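J.: Below are the chains, spelled out letter by letter.
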Amino acid sequence: MEVPQFIEIFRLSNGLLVIFEPMPDVQSAALSLLLPAGGTRDAAGRCGTSAILSEMFPRGADGLSSRSLCAALDNLGLQRNFQTGSAHITFSAATTADRLTDALPLIARMVLQPNLHDEDFDPARDLVAQSLLALEDEPRQQLGRLLRQYSYPAPWGNPSEGELADLEHITPDDIRQHHQQFVVPESAILGIAGNLDPEQLQQTLESVFGGWRGTAPPAVTTGTRPAAPFHQHHESAQTHLGLAWDTVQYSDPRYYEAWAAVSLLSGGMSSRLFTEVREKRGLCYAISASLSTLQDDARVMVYAGTTTERAQETLDVTVQEILRLSEGITEDELQRCRARAKSSLIMQQESTSSRAGSLARDMYLLRRFVSLEEIHDRIDALTVDGVRQFVIDHAPKSMVLVSLGPQAPDPSCLPQQL
Amino acid sequence: MKFQHCQLPSGLTLIAETNPAVHSVAAGFFVRAGSRDETAEVSGVSHFLEHMAFKGDDRFSADDINRVFDEIGAKYNASTSEEVTMYYAAVLPEYLERALELLSALLQPALRQEDFDMEKNVILEEISMYEDQPSFTCYDHIMATHFNGHPLGQSILGSQKSITALTSEQMSSYHTSRYHTGNIVLAVAGNCDFDQLLPLVEKHCSRIRSGITRRTIPDFTPQHTVSLLTRESSVQQHLMQMGPAPRGSDPLRFAAELLSVIVGDDSGSRLFWELVDPGHVESCDLGFSEYDGDGAWMSYLSCNPTDAAKNLERCAQVFAEVNAGGVTAEELEQARNKVASRIVLRGERPMGRLSSLGSNWLYRQEYRSIADDMKIIRSVTQEQIQELLRKFPLQMTTTAGVGPLSTL
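Chains as they are written, first to last, in our numbering: chain A, 1 to 418; chain B, 1 to 408.
There may be inaccurate statements among the hints.
Said to hold, decoys possible - Pulled from the structure, derived: some chain B residues nowhere near chain A, Cβ distances all over 10 angstroms:
{"no.": "1", "residue": "A90"}
{"no.": "2", "residue": "Y139"}
{"no.": "3", "residue": "Y367"}
Stated by the list, open to error - To spell it out: a stretch of chain B is covered by chain A in this simulated footprint if at least three of its residues, at any positions, have a beta carbon under 8 angstroms from a beta carbon of chain A; those stretches are:
{"no.": "4", "region": "4-13"}
{"no.": "5", "region": "70-78"}
{"no.": "6", "region": "229-243"}
Treat the hints as calculated values from the structure; they're not laboratory data.
All figures in this text were calculated on a predicted structure; none of them were measured in a lab.
Virtual Cβ for every residue (Gly too), placed ideally from N, Cα, C.
Excised from the complex, chain A in its bound form (with noise of 0.2 angstroms):
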């Protein structure tokens, strides 16, 4: 790589991981810090309560009502968001350099302090709500969310948007609990990348977060996972397909084979799903494959939509081609998915925001920082027979098949049944 990284990374006093980035050349900064505050947190039949509280993050904190707190932030011209994921409520911002020093007590105030008056509740609940009745009108964004909860075990499977049924349970006690057990910063991450000094930024987070407490939560309790196939009724034009196997995790030294493996079948538009179930036979507009990785498990979800009376061709072509995917890699057709990562990873250091994200999630997934030459090293060393002898001995005995639609297909194409 031509461009050589300085990282910092520090603890503040109170235990919240810092990870820095300074980017020199650019105008702006971001950060991202993980809360370990997700669904998988969600307590039996209060699904849902990790969501409304980050709906309720943003209103008012530390004596600032909710309009106040909006237009400080704005006036800094923050761009900012709170996102539930299942292991943590990821808070991320940006804005340029000089305005993000100005933001960090606001920031901390916000997350540390938040009103989460009873009155605010309600509408923070409705809001849910909403998003889920929402969801019911986009089968392919509700695809994916039945796909990862019949992929994973629970809780890890768990919606992290919360579940319908499950909101007029929740109280605002339950929130405000969540927030003093799981916000807190001993299991917390915040990754900062941008044009900013390491030693005055070291200092002001000190101040901001340092009198912030708690101790780490214990390890969420996995349990099992429902079985598949599973088919959902609804009126659509398509049947959305979705399917998963395991595969290994960001951790595990295989990692990059297991990369390498899915961008051969879906990265770019060279790759074999897009060639042979697109381009070849016209079965879909959408096809698509990725790696989803937790800190000690991991899927390849595939996804693909299309017209109900070629759901079945496009399936079983989709799974035979995934089955043949040991047969004949080329060392051409790994060169484009080593071209396609070399050229994502430069292009990632003109993004604070990609870079602050990237750097809070190694130190999540990893507990260390992965420089970007680092992963240029590992991607070069991928070899065609190494790919190859991943792609047998990880073969998917089973897969999970999840379809929405009109009408469910014939799963008999799948190498098995969980």
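Based on these hints, arrange chain B on the given structure of chain A.
T.: Chain B only, in chain A's frame:
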């Protein structure tokens, strides 16, 4: 950052904003061709043609195009709107020549019959996919009713019927009529040198036909209409409203952009506090769309069907208050700060600069640097907002919806 431009002997315009501090370079052809340029018989041809571009020319096969783009690690794609078809790629600087070679091939597609027949299936799938998304259906429907009788009301995707009936000869003749150098701008943003770029463009882009096709820009006054597409299977009610706003050449468009942020940004705006924050709707916003010779306010909301009428009233109330009382100095300052920050963040990536670079030139033969944009945004006054509201108040002429309701 440095801006340079020139017109090639063929008539093709090249514009470039070079910046040695970034790692990549983005290039895009902006073609003045979209659904508004189509006749009813070929509805959807601009977008279908955009797909056919990736099937190759006389030198590259369909497989070649995708393979070579992937070989150079390009982030590439294309898009079609009512007015513009755009083909673009972002690459590392050493691959710029290869990217230009491929992009120029996209503009001269071979339109082979077998590729045409196969891709037709993909287009029909794409139409079905959007049919399943009520917010898209609602957009198509309001454009058709608001711009009823005006070319801007024509659907980008076309219909199952028009696409099924379309022939490759019709597409070829449409291509011949619109893909002329006089209708095309090649924009380049990022890490490159203009003196090295120019010969590459001359080498690879000389085959684009010379000439120019004018677009008809009819005068237009929208009629008051309310039109709901009833879909009993939908859970939420989706509603959009449109009303006249400044056209793409009107200097008031900057004030309009800021007003849309004050009134209808997705957070911290008037609509946000009145409808979203209290949980009355799933989402609600107001946007400003500028077109060749026209402009429109466009609001969107989705909510529980039983609250739809009440929520439309709430929107109308917000609009009426703004029309009567304007905006406060604090609101304007807040919106300036928001927009300025977005301009800086988006502008850090060559891909983020490309679209405003190309559109500004295609629509107005104008270049604006990030600093120019910031200056214009900073200089918008409350008086200009007042003038805007006098000429183009937030008065919605057209209402369209998709969802369970058959009346409001």
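J.: Go check the region 4-13 of chain B versus chain A for me, would you? Three or more residues, Cβ under 8 angstroms, otherwise it fails.
T.: Our answer is that it is violated, as 0 residues pass the Cβ test (under 8 angstroms) against chain A, missing three.
J.: Quick check: do three or more residues in the region 70-78 of chain B have a beta carbon closer than 8 angstroms to a beta carbon of chain A?
T.: holds (count 6)
J.: Does B:Y139 clear chain A by more than 10 angstroms, comparing its Cβ with all Cβ atoms of that chain?
T.: Its Cβ never comes within 10 angstroms of chain A, the nearest being 14 angstroms, so this holds.
J.: Check the non-interface label on B:A90: least C-beta distance to chain A beyond 10 angstroms or not.
T.: 7 angstroms, violated
J.: Is the nearest CB of chain A more than 10 angstroms from the CB of B:Y367?
T.: Answer for B:Y367: holds, closest chain A Cβ roughly 20 angstroms.
J.: Go check the region 229-243 of chain B versus chain A for me, would you? Three or more residues, Cβ under 8 angstroms, otherwise it fails.
T.: holds (count 5)
The structure fails hints 1 and 4 (numbered hints given earlier, in ascending order).
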